[in-house]
Amino acid sequence: MENKKFTISVYSENNIGLLNRISAIFLKRHINIESLTVSESEIENVSRFIIVVRITESSVKKLVGQIEKQIEVIKAFYHTNEETIYRESALFKIASDLLFDERQIQNIIKESNSEIVTVARDFFVISKSGRRSEILDVYNKLKPYGIKQFVRSGRISVSKDEMAISKILKDY
Amino acid sequence: MSTKITGAEAVIKCLLEEGADLVYGYPGGAIMPIYDELYKYQDKLQHVLTRHEQGATHSAQGFARATGKVGVAMATSGPGATNLITGIADAQIDSTPMVCITGQVATHLLGSDAFQETDIVGISTPVTKWNFQITDAAEIPAIMAKAFYIARSGRPGPVLIDITKDAQLAELDYKYKKCTSIRSYRPIPLIDSSKVEQAAEVINNAKKPMIVFGQGIILGEAEAELKAFVEKSGIPAAWTILGLSAMPTNHPLNVGMVGMHGNYGPNVLTNECDVLIALGMRFDDRVTGNLATYAKQAKIIHFEIDPAEVDKNVMTDVAVLGNVKDTLAQILPLINKNSHESWHNEFKKKHELEFEKVINDDLNPQKEGLTMAEVLEQINIASNDDAVIVSDVGQHQMFACRYAKFTQTKSNITSGGLGTMGFALPAAIGAKMGVPNREVVAIIGDGGYQMTIQELGTIFQTKVPVKIVVLNNDYLGMVRQWQQLFFDKRYASTEMINPDFVAIAKGYHIDAKRVSKREDLASAVQEMMDSKDAYFLEVCVEKEHNVFPMIPTGASVSDMRLS
Ligand SMILES: Cc1ncc(C[n+]2csc(CCOP(=O)(O)OP(=O)(O)O)c2C)c(N)n1
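So the sequence lines, in the order shown, correspond to chains G and H.
Note that the numbering used here has the first sequence beginning at 1, numbered continuously upward.
Note that the numbering used here has the second sequence beginning at 1, numbered continuously upward.
Bound-form chain H, shown alone:
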């Protein structure tokens, strides 16, 4: 049965068909027909008015990352649409499923430099998995169905649908059919069992194998398969920043983070292992350091859903294409049980060294100034290692990823590939709305906080009870660290004269506190966690503390510096 409705109403109905009952956005002229329908559908579809369109995309991303569902963001044409771009680019590089809907000037005005016209399809092309401009209302149901299918299937990503104003106003015969396939698109490659067997043989013959898992595990919902594989094979498992939380932090086979500021053991031992098993990760340059010296001695096995990632950065010996949930399930029965004890001891030894040189000073500093790591430790304690941690970009992000502890998957939300400052505050809003029963704590630097600080308004208006922790070092800390280490301490434009953050939070009617003394930290964190409402905590930390270990750009993972 079909009924005549407007294109704008069709958009809302399509969203509901896809299970999207929460959208983030900001209105404007070219998308007003859709907003008008939102008014009518407000009991079925919640629209969250962010304070900037960038906030809408990051909130949609936070929602998607915490729930595994598709996040939705909306904006008007022109400046509204261009303001989405940072979040879209972030979602593209971090494979986050998101559908963005933009209004566009009327079809007859396209290309005329009309008021608020911008070629958003052209602009967003390099940073979307797919995009499309609708000029005919009749296309809306099919294109919306396609958009959601593309955003969530295979390797997920952002999709942008641009709809001209006349198409929103015109009527169509509405009928919805979910999209389940597209002729030219194969989201998941077929599994080649001979590759699985080859991989199993290499793994069974390995003396010093190690695993590096990435976000593919989380996106493919392969956490149980990963755990079974790791436990049966006894292989030490390290993670990339986006793989974090796919395996509980305290799992005995979890050996820490790889990458520029990862843990010493898994980085250095990458260049000693005989087999490197990459699971749903893409050998980002922040992970590999200098490719010329990366794991040259090791056989590389790459489990991957996206064929274009295979041999892109690191040449593989065996590529196992497919969804890692399926390929891991297939390889499990072929894997010998093992414990690799002496090899594990190598990781333990390296960990002891890192503990003595770095971790102990971070967690139990002898100096007066608070460290970022201590704050994370207090959050672990107050949340029983069970919070969703949303981090921004900078030193605090690295401390959050290094020191936050997790028991559940989808708990670490951060901007990995793009490194987008301003991500965390809006992403935390989306995450908390996605998983309202979980504690969501945003960890943000004083720099990044001010990039999207206006989203405090969204928090105040929606009453979403997120916890916001700003680790204030009065510097753009990560850049300052580089200036100190590689630019002769020439601190060009990295010192920040900051406003009264507590007063600002209070101005938005959000409970707020500032701590700067160690003896006040635990109780302040506890008070924040106990609060039923949104809460802002500013922690004044050591100004010139550095994140170590570190692989300087261009250096080898074996040359990781401990100080």
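Bound-form chain G, shown alone:
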């Protein structure tokens, strides 16, 4: 079976230590996490983990089974890229003079639908969210001008199918 990119969504109680427990499941199986995002979910006191991995479907199935086994985990799912809407966010910090001296930079910002977050005396910050390839594209275009800092977030995603967590919680 070939490796594919999967987005794992974990709905859980918001408890100390759970991140450790979940990451230990990946560690034990020697699976590298490509990105990990934890935030609140649409349900009060329920957290949502979004974990991106590149593994086989049979491994992701087992992995999700092990994650679901954790006491505080309400439900875990896995999806392929086609089954989700997903994005990442990036910030680029660039020297301010470039904004005025290099007209091309303004074109890059416009064409890529990036946003200027702030302009200070020495630097300005651009934010771009979208797919990894779109962010990479902006990165490659800006690189020749010099990027002072770059950071990209983990993936966030929602599934096209319903996950029905509220119903699961009611049924427990």
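Just so you know, nobody snuck in bad clues.
Computed list of lysine-lysine pairs in BS3-like fashion (alpha-carbon distance at most 25 Å, straight line):
id, chain 1, residue 1, chain 2, residue 2
1, H, Lys-299, G, Lys-61
2, H, Lys-195, G, Lys-62
3, G, Lys-61, H, Lys-312
4, G, Lys-75, H, Lys-195
5, G, Lys-69, H, Lys-325
6, G, Lys-69, H, Lys-69
7, G, Lys-170, H, Lys-177
8, G, Lys-69, H, Lys-312
9, G, Lys-170, H, Lys-146
10, G, Lys-61, H, Lys-296
11, G, Lys-75, H, Lys-146
12, G, Lys-167, H, Lys-146
13, G, Lys-62, H, Lys-312
14, H, Lys-207, H, Lys-227
15, G, Lys-69, H, Lys-195
16, H, Lys-299, G, Lys-62
17, G, Lys-170, H, Lys-178
18, H, Lys-312, G, Lys-5
19, H, Lys-312, G, Lys-4
Here chain H is said to cover these stretches of chain G; the calculated rule only asks that three of the stretch's residues, wherever they fall, bring their Cβ under 8 Å from a Cβ of chain H:
id, stretch
20, 4 to 17
21, 20 to 26
22, 60 to 67
23, 71 to 85
Hints in this document: simulated from the structure, not taken from any laboratory.
Glycine included, each C-beta is placed from N, C-alpha and C at the ideal position.
Put chain H with the ligand on the given structure of chain G with help from the hints.
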């Protein structure tokens, strides 16, 4: 009504609420408030001072395995806590219900590398079913209730609760409420009756079905349901090492042990059956051998409580989720009565072959040296097949599991999944305290014995009348066997120069004897069994005897070697 008490006292009260009146442990600075309360509660709660925290966990495990109740172990922070880890890992992989309580440095010191501080919650995370650090005394009752509920429900396992010293000393309004559910936790999956029906149909159409049952039967207390299912369906039933004793050894449909050193018939015929019914077992690699060639011809039906076990190692055709006690009860009326006579004959033929090539030599050796199997046979005789056998890890363990006979469930206690040397002596202490009316015999190798030999001190102090049999071959026998078979007889660091074990036992004021001659064996075993007190028997056995049959690692169950 609520009353103000300290966190430490609350811990004791919670234990009593959960019916835990026996704990194993070892004190130290960060858990002293709880020990101080133990002093006050000593007439209600017995604390057994083991000689090492590892001993405390194994004793708690032995207690849990013999009784089905939750075992409890306690330790101080830092080194006390880390010493629990081996037993916790063992309990996790063998699904043993256990609650461990550790003291922790005061909350304001957390993360400061304080004296005897260690991140035991982090360390124990991968080997616990659940763990939690309490820094606020008010949390103690609810968390303790949760701990016991999680440890014993569904697929059982170990839970660790770490309590900071200030939380032990602070006062709280004590009120106890048992935990019966947790929002995010479903211990037992709902039964899907259509799966039960599908399974029944496959079973009814099978020509050569076989059952492999595991510890799920014992943990789910499904022994009666298993017996009814086996007897009605007439299907030959084999067991994993942890399933042993769930069905009496002499039951006519009991066809022996599967796995690396199991019986020839059930292993080889795994690759000839048309339906394999797995009951509360998890297809451990020691059971399946090479997965690529394991039961490929068979339809697989898996009765299992833990959904994560389904399709983990072996792909199933029908997965029946639920407690095996309930699912077996549901399937029973749907099963046709059958006897599968000619199929049974296949097992008989294979057994005859194994008897001739292996068992006969083990039980009736022509050589001078004593075999481990003969010793087990004498214990069977002297105990009427009714002892609880607690075995350590190595050759003697395989001989114990192959040759010990059982009439009652929960009688075979061994470290299966982790294979922890040093398990048996402390586990036997716990088992005997759990079932004081039964004879408890520990079978240990000279290697494993010395890993927890200090627990003789616990035996001496508590006067717990366990019987200890060390099968001494002056080698780390199982490793030596592998060296002989797969490493050209290069016996690197497996020979043991042993001390005078009898003198050591006597040093702990335990009656002791050594035998090395066949003519003395029966009477020595009898004398041990007749003793009302703890007793140590060293049996000097054949040094280079091997355990057969054997499925070498990576080989197929069909390629089991008889010699
Ligand atoms: C704690 C631990 N360390 C190492 C091992 C590896 N090991 C498995 S069996 C064995 C030899 C056991 O020797 P002994 O206790 O003398 O029993 P015998 O095999 O001779 O019956 C060893 C070292 C283990 N299972 N557990």
